[in-house]
Every structure is written in structure tokens, then in C-alpha cells.
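Asks: Here is what each chain is made of, one letter per residue.
There are 2 protein chains.
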Amino acid sequence: MYRTNNCGELNISNVGSKVTLAGWVLRSRDLGGMTFIDLRDRYGITQVTFNMDEEAALCQKAMELGREFVIRVSGTVVERSSKNPKMPTGDIEIKASELDILNPSLVPPFTIEDSTDGGDDIRMKYRYLDLRRNPVKEKIMLRHRMAQETRKYLDGNGFIEVETPVLIKSTPEGARDFVVPSRMNPGEFYALPQSPQTFKQLLMVSGLDKYFQIVKCFRDEDLRADRQPEFTQIDCEMSFVEREDILSTFEGLVKHLFTTVKGIDIPVLERMSYTEAMEKYGNDKPDLRFGMLINNLAPVAKGKGFKVFDDAESILAIVVPGSSEYTRKELDALTEWVKRPQIGMTGLIYLKCNSDGSLKSSVDKFFSPEDLAAWKELVSANDGDLVLVLAGSKNKTVKAMSELRLEMGDRLGLRNPNEYRCCWVLDFPLLEKDEVSGRWHAMHHPFTSANPDDANLLTTDPGKVRANAYDMVINGVEVGGGSIRIHDKQLQKKMFELLGFSDDEAQAQFGFLMNAFEYGAPPHGGIAFGFDRLCSLFGGTETIRDFIAFPKNNAGRDVMIDSPSPLTVEQLKELNISVNK
Amino acid sequence: MYRTNNCGELNISNVGSKVTLAGWVLRSRDLGGMTFIDLRDRYGITQVTFNMDEEAALCQKAMELGREFVIRVSGTVVERSSKNPKMPTGDIEIKASELDILNPSLVPPFTIEDSTDGGDDIRMKYRYLDLRRNPVKEKIMLRHRMAQETRKYLDGNGFIEVETPVLIKSTPEGARDFVVPSRMNPGEFYALPQSPQTFKQLLMVSGLDKYFQIVKCFRDEDLRADRQPEFTQIDCEMSFVEREDILSTFEGLVKHLFTTVKGIDIPVLERMSYTEAMEKYGNDKPDLRFGMLINNLAPVAKGKGFKVFDDAESILAIVVPGSSEYTRKELDALTEWVKRPQIGMTGLIYLKCNSDGSLKSSVDKFFSPEDLAAWKELVSANDGDLVLVLAGSKNKTVKAMSELRLEMGDRLGLRNPNEYRCCWVLDFPLLEKDEVSGRWHAMHHPFTSANPDDANLLTTDPGKVRANAYDMVINGVEVGGGSIRIHDKQLQKKMFELLGFSDDEAQAQFGFLMNAFEYGAPPHGGIAFGFDRLCSLFGGTETIRDFIAFPKNNAGRDVMIDSPSPLTVEQLKELNISVNK
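Protein sequences, first through last, are from chains A and Y. The first sequence runs 23 to 603 under our numbering. The second sequence runs 23 to 603 under our numbering.
Just so you know, not all the hints are guaranteed correct.
One copy or any two copies: either way a pair holds, since identical chains are not told apart in the list.
[Stated by the list, open to error] Derived DSBU-like pairs: lysine-lysine, alpha-carbon spacing no greater than 30 Å straight-line:
| no. | residue 1 | residue 2 |
| --- | --- | --- |
| 1 | 329 | 416 |
| 2 | 147 | 511 |
| 3 | 398 | 361 |
| 4 | 515 | 238 |
| 5 | 511 | 83 |
| 6 | 421 | 398 |
| 7 | 351 | 324 |
FYI, nobody ran anything at the bench for these hints, they're computed from the structure.
Just chain A, with the same shape it has in the complex:
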């Protein structure tokens, strides 16, 4: 037997018990005749003491223990003379009477402490050591809790978890597939799923009514920061539902998760149309934790002879509260910030609404005090506020103003990661036009149905059609999205036509789904949540990588196991493929 207790559970009520613990040596200290070991396991840390006077040989052995040695210790639980109220086990220590070294350890390449001296690269290579650190371990345990609670809620609401296949069929549309050569079918390949979309729709055709799955998906993209080639979705679909049914069911899911995992009761989710989100926040993923809504300044700023404004498609302003005292230097720095290539504006205009009621702008020579007062009124600025203005082409200015708003929110500390504001964004456009090819693309995916009110626009004015779709946004991050699907074969065919598929292409790639629609497909809809992202949000950090036990780096490599790697000649031959020279 290796242990009677774990390292996190003993307290004052156990004093006098004989116990055996096993774990890792976190640190040891020799204090004149006494050796103290902090013994760590998943559950906590317990202090173990060795007394040179009473057990010289044992104490000698303890003094030789290195960091991260795996040991087993038996002894008696005693009350500490100097207690540590910060630790659950801080009232007691173990007076050791036996010590076994179960496995020694080399000196770890970085310190296994909450804040470590190890850089990213070394911690990824020794991920199994990084996972010993509390902040990393806790994220993996949070993820476990999230998954269990998700299942508990969905199971409790009649959803059936169904495993859909991982070896499926490649569909060249959309993002790139990872593919798998089939040895038994030479020259043919499976693909790994980018999502179980078509399978979950088939499960609705099969009458399963409510489906979910927490499932790995795969996308062979050029990896931007914090994108992983394999990622996890909470994937859901329901039959005989309208949009409202989906919204209330999955609002219930996030409320359940916040309550059970974070102990937070969140209010009813706000709802916002895509149009409103773009107008007020410049973004279809609005961060509602703070105001600074975007104003259209054009009505009072145009036609006053200031060429930059007069030529601009958009003139947008936000009010930064209590920031009128920004110095010239700070404003110059902010101007440089908006001129960076990532933002791409040519300049920044400001209006200081000083606390004494006076106004000071960077474009004083073009605008009279009355003009500036009209600005102040339009944007509802108060004395002491700073108004920031961007002007230029529409899309670029909207995007830049959204970024500037978020940046100012950060600078003012208005984006507290432990405060949560959730909303639904609704009424997205169904289609968007690729400006280069002139082709329509599905904004969500080609299985999304139109808002019933707009169905007749599909032929006459496709760009105006709103999708029967919804995104869930928490703190400015899209955590989930979905739609009511098309369940009619003719409509689905028409959608593929609109998206520029030939009949043959549509049939080859999605024929099985359209055929299935001919055998009694029910009305259905669903949603998928990015599980890695949702976990990172609940964990209060932005990097999803920390919430994945064994993540890959930006080149798609697992540096710990050194993968991918070349195959042997025999393997390639059996698979009937060659690597191009």
C-alpha cells in the first residue's frame, strides 16, 4: 500500500493518527537538527518533519532528497507549533518514522512552482513537468469540471451523446482537411472532421431528437497565435425547434456552467442584432463589460472644411470617461498606436472636454467652439471626458474604432476577466460577397436557413437576407454559434447553387445529406461551442493552449514527442503513396 491519505486532506482532527503519504518533494529545508519536507501531490501539500536527535539515520536520508524525488513517508500527524493559515493542511505536520525513495529525479529544467523560471519552449518540451505546476494543473481540472457539468446538464435535458466518426470524407470546400490515406483502398483517403455537422444533421433525420457530443475537430490551417490543429467542440443539435428553443436551452447550459463551476449567477442573456453590434461596438463580438459605445460624428463634423472628415466615408467617435487630462505625450502615443499596420489608420483626432467646461481639440483651427460643443453634445460627453475620433473608409474605420475602444477599455481597467457579460448576437447576414471573386459565401455555413421573414429575398436580393443564426458572445469572445438548418432538399440545392456549386459538386460532396432530406427530415437546428475557448474564458485567461493537456506549437508540432515525423519506406509503400522530392 502506497498511502493511507493524500497530501491535501489531513488537518487538526487527524492529530495522533499514523498515516502514510506518497508524493513529490516540492522543497526541503534543514534547520539545525530538523529537516522539513514539503510533500506535494495533486491534492495539496503536507509538511513532513525529520528530527536528527530522535531519528538520525532517517533525517540523514531526508537531507539527501532532491527536488521532485518521489517518496513514501509514514509517521504521525502532529499539531504544528507555527501554523500556516494559507494551507488547508497548515495546522499539522507529519513527524516521520519511515521514508522510502520510490523514484529519484534529475534536477528539473525549470522550477516546479506557481511562477516558474521556465520559458515557453522548455515548458512545452517538458510538458509533463509543467503540468505539475498548480496554475497549469488547475486549468486541466477546470476543463474536466466543465466537461462533466456540460454532460450533466445536457443529459438531464434529454440529449443523447453520440460518437460520430473521425475517419470521414474530404470536402474540398472551406478550410483544408487533414487526410488519412487508406491502405485497404489504394489511392483513396479519409478526412478528419472539421466538425460533425453533416452527421449531426443525419442524426436528426434518424429521429434522435436531441444530440450532443464533446468532440475533437481538425482544421489544417496556417496557425495563427492560439489556433490549434485539433480542437474540441461541444456539438449539439435538436429537432422540431425554432430559434427561441435553441436560445433558451443553451442559455440554460451557460447559466448551469457559471453556477456550478464558478458559483456565479448570471442574468438573462442580452440579445443584440448583428447590425446593432456593428453600429455600437464596431464588432459582431461585442464586449459588454464597459460602455464607450461608438457614435457617428458625421452629422456634426462634415462640411466644415476639414478635408479629412469631408472625404471620409465614416467619422466615428467614442467617449473615454474621465480622461481629459491625457497629456500631449500620451495622445501622441495613442496616435502612433492607431497608425500601426494592424490598425492602419492615418491619424487620431481628439476632443478634450476639460473639467472646467472648456474644450480643446487637435483640430481647433477647422472647428469653432460651437462646432466642438455640438460634438460634445452628440456623443453625450461630460466634463472631464476625452473624445477620440477616427475617420476614413467605412470598414476600416469601424474595425479600427472597435480596436481602439477595446484598447481604451484595457487601459482603464474596464475589462475584468472575472466579470462576465454574456449575450446573443442575432440576425447575421446569411451571405457575404467575396470582393475578389464576386461569389457569395455562406457567413455561417451552407446548411444555415434564412430568417423566415426574409425567405423571399433569397432570389431577389441575397445580400439582404438575414440568417436564422445566433452566436453566443461572452466578454467580447465568440464562444458558440449555430443556426436553424435547411431541412428541405430543394432549398438546400438552391443554396448550393447560390454558393456556386455545380450540381455534380453538390451531389458528390453532400449528396448523402440531400438524399437523406428526401426521407422525412424534421425541422432542426443546433449550436457548437468552442470548448477550449470556453474553458479559457472560465479560467480567466486568454490563451487556450494552457487548457489543453498536450498542445501543439504554432508550426503544428508537438515538441515533447517530436511529431510529426517521417515515415519508414515500408509504411509509405504499404499506403501506396510517395513523398514529393
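Add chain Y to chain A, keeping to what the hints say.
Replies: Positioned in the frame of chain A, the structure of chain Y alone reads:
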């Protein structure tokens, strides 16, 4: 709103309610002025009536509904005049006042009834229709229940579910890997995991203490009947454990599953050594639902001048209870059965212990009545029993006798799929010698440790070493297996040497694991259950395919989506590979 209730929940207490149901037309009947529709959804079947006298137009519309049309019906719940006690909803019917056809259906290619006229091939092609049938749907729902209860038990016992990567590294040893070309790392490939073995061991090194995962695994094997290229495991690992800890934890898991899913309390699991299982059952997967244990007849059958026995390495006998009246014809057929190539024996010898106490054997001329009486005594046969004897080389005879025992168990109806007998098989050999190459192979896998009592035999007599391993066997089916692992780098290195790995090969394939062992690896062990197989056992059938929503056929094809399939030239080019001509 599509429905107020589902098709399985209305009963006599709802009489008088106005309800709306949605579902599929299972069947319809016209009975002189009345049309009856059986409306089906996942939850059940509800009868809907249309009255020609009262609602002529509505009734006319109902008469035109075809099988599997998707409809919405509103009406009033009324008590049936002729009740159907076999259906939960059999006391009521819906008197329809509204009817919408939500989606019509072509005539399905096979009938959607509990027993169907559709053959395997057509049902696989239209799997989404096959899943509408109760027997298939119920298997998928059983699987869901099994997965949820597995998680509930393991979570409740402190296990953390951790997702391990799907894109890992190819290790040419063992079964073939499925591989995935990496576009970003030209000429390099990921592999899909055959199991998360090394990752779960790394999680133990990381101190996670108790891990589990219900996880897809992949094996590119030539598919025998009922093998799938992708399959699911309940994968578990624990730290600071000895064999006994694992056995009691996972005995707890199956007991929990039997109680919650089947409502059966199973007794404490029996335990049997590999040697005992082979001696008594001729099989390391003993079916304990019936006796007919194997006896070694050699002591009383050899040296009597019957050459077949005198030359045989093994002479084995089983007692088939109450079967002494087998006719000559039946015994001839049984002889042919053992002579089939799958069994491969040259003949079958019998001894009838007639109810009058007389003995009749097929080898009367070689054995005296006293000899035969000695057989009867050795095998403890009773009057009325039939003794069956096989003789030949050891391995072949043991295997054949095991098959014969199972066959006789089937014929006597002793293998009831709804009776469960579970056991642990212990003390497997650690290594087995490949008779062709003369090389040692790991019987379980190269990470399995030796039984501590046999550790010193590793160098002197490797074939004698028992593994610290265990299999769980239910009704003659291996449902799970595992071992206490090696956690010492030197020992692991020695094992790789014994298995014929060069130092370079061991380092290239498993270096990351051996390195991890140098940084404080705890003693650990684990187990993996074949989840598809476990579900099929709980479902009382032998075919795992029925328990997979979208299975592949024996050629590894998904005939529904027609996968695998060729890639486009562009895809191959991007992946930097070519298909061999």
C-alpha cells in the same frame, strides 16, 4: 412552436388536454370513416385519429400521408375505446383538429419496423433510416447511458478526464498506424493513436494521480468480422497503486454499470490465474456461465495401445451433461464440426454414460469396460452424460476443446446473453516467444511490469516471468485489460532490449517517455476497456457494429457517405505527396 408534448408521454391523466405533437408517420389505417395514424418520435408512439364525418378535409389530408412523412398534429387527448396495454400511451389517442405536413418522404427502401425486410447492405447505406428502428435506436441510447454512468462513477472516485492528442507520432512497432501527412511540415506525418498509452503514463508523471478518458482509437488492421478501424476505449490510469487497488476500483466500475444500466447486482468478481483458465477452460477468456470444465484424460487413457492417444501430446475431455442419448448421426455431425479447418482436429472420441449405467464408446475395441469406467470416474461423469474427447498436439487440442466446450454450451442453451458472469484473469506470462523469429514479444505491451515475485527471472528465464497484468472477462469476452507499468527508466530500457529494440530505436520511439521517467515518475498502473464491446455485452448481442452510430464495413468503407475517396490534384500537391500508380 412545433410540439407541446412528445409521442411517448401522454396517458389517461392527460385526457381533455389540447396538445400538439410532431413526428413521423409510422403507419396509417383507414377504417370506414376513420383514419388512424401511428405517430412516432424518439420517445414513443401515439395514435392520432381523423374523423371523416366531423373533419372531412382534414381526414382527406390524413389519408394522403405516406410512411415516414414528418407531420405536426394538434388535437385533444381522448380515452381510447379499445386500449392497448402494451404501449405506454395505449390508453389514449389524439382526436386531430389540425395537421401540417412538415416534410414529405419518399417510400423508404426498407420498412422502419422492429424487424425489417432490409438487408445489411441497404441498411448501412441508409443508416439514418435504420437508426429510426427501435432495436437500433435503443442500442445507441444504451451506449449513451453507459458512457454517462462510467463518467459519473469515475468522476465520483476522483478521476480527471483529460483529452489526449489525436495527432501523434507513428511508432512502427505493433499494429499499423493510420497516418496524416503534415502540410506545414513537408515529408512528415502524424499518426492517429492506437491508444493513449504513453500520454496517460505521462499524465501520471505529471502528478494527475487519476486519469480517465472515453476516447477514440485507431488501428489500420485487415478487418476481421466485427473489427472497426476506429473504436472507443474507456482508458484509465492511477498513481501510487498496486494491482489490488486497480482491481477493486474497476470492479466497482462494472458493478456500478450493472446496477445503474441493467438493474443487476453482480457478485464479487471471481479471480483466476491464466494457468488455471487455460487448464479448465482452454482459454484465457473463460465463459463461467456454465461448467463442462476440461479434464486431462491422459493418466487413464494413455498406454492402452490406442495409437491416437499414445502419440498425442494432450488428451482432453469434457462432460456434456444429460446428453448420452446423442444419436450416431448427431455424433457424426459433431465429428465433422471438429474436423472443419477452423477447428482442425482429426477426429472426436466419445463415451456415452448411459442412464442404465452402461458405457458405450467409439473406441470400445481399444479400451476395456474397466478402462472406460476409469474415464468416467476421472471426469466425474454421471449416468446420462456424454463425454467428448479430443487428442493431438497440445496447443491445437486445448484450443479445439475450448471451442467444442463453447459449442456444446450453445447447443445446450447454457450461454444466456442476459446472465452475466464476470471474472479477473491474472498472472499472464509477461513475454511470449514468436515461433518463427525466435524473438520475445510483450504479451500485453512493452510498458507492463513483471510480477514483483518474478522480477529476478527477467534475466535468467524470461519465459517464466508472470506479468503484473489483469484482464476483465465477462461471459467469455475480454472487455478490459491492463497492468501495473514499469516506472523505472533502466527497467524500461532493459525491457526494450529484451524485445529486440536497438538503443536508437527505443530512444527514437519512446525516448520522451523514458526521459520523463527520470524526473520523478510515480509507481502507476491502469486499464482500458473496449467500450464498443462492453456496450454490446450489456445490450445482449455479439455484434459491436450495432452499437456504433455510423460504422464502417469490413473493407473499412463508410458506404453511406462513400468514404474513403480520392483527393483532388491540388490537395495532394499541397500535402506534398503523390499516389503511387
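Asks: Does the structure break any of the earlier hints, and which numbers would those be?
Replies: none
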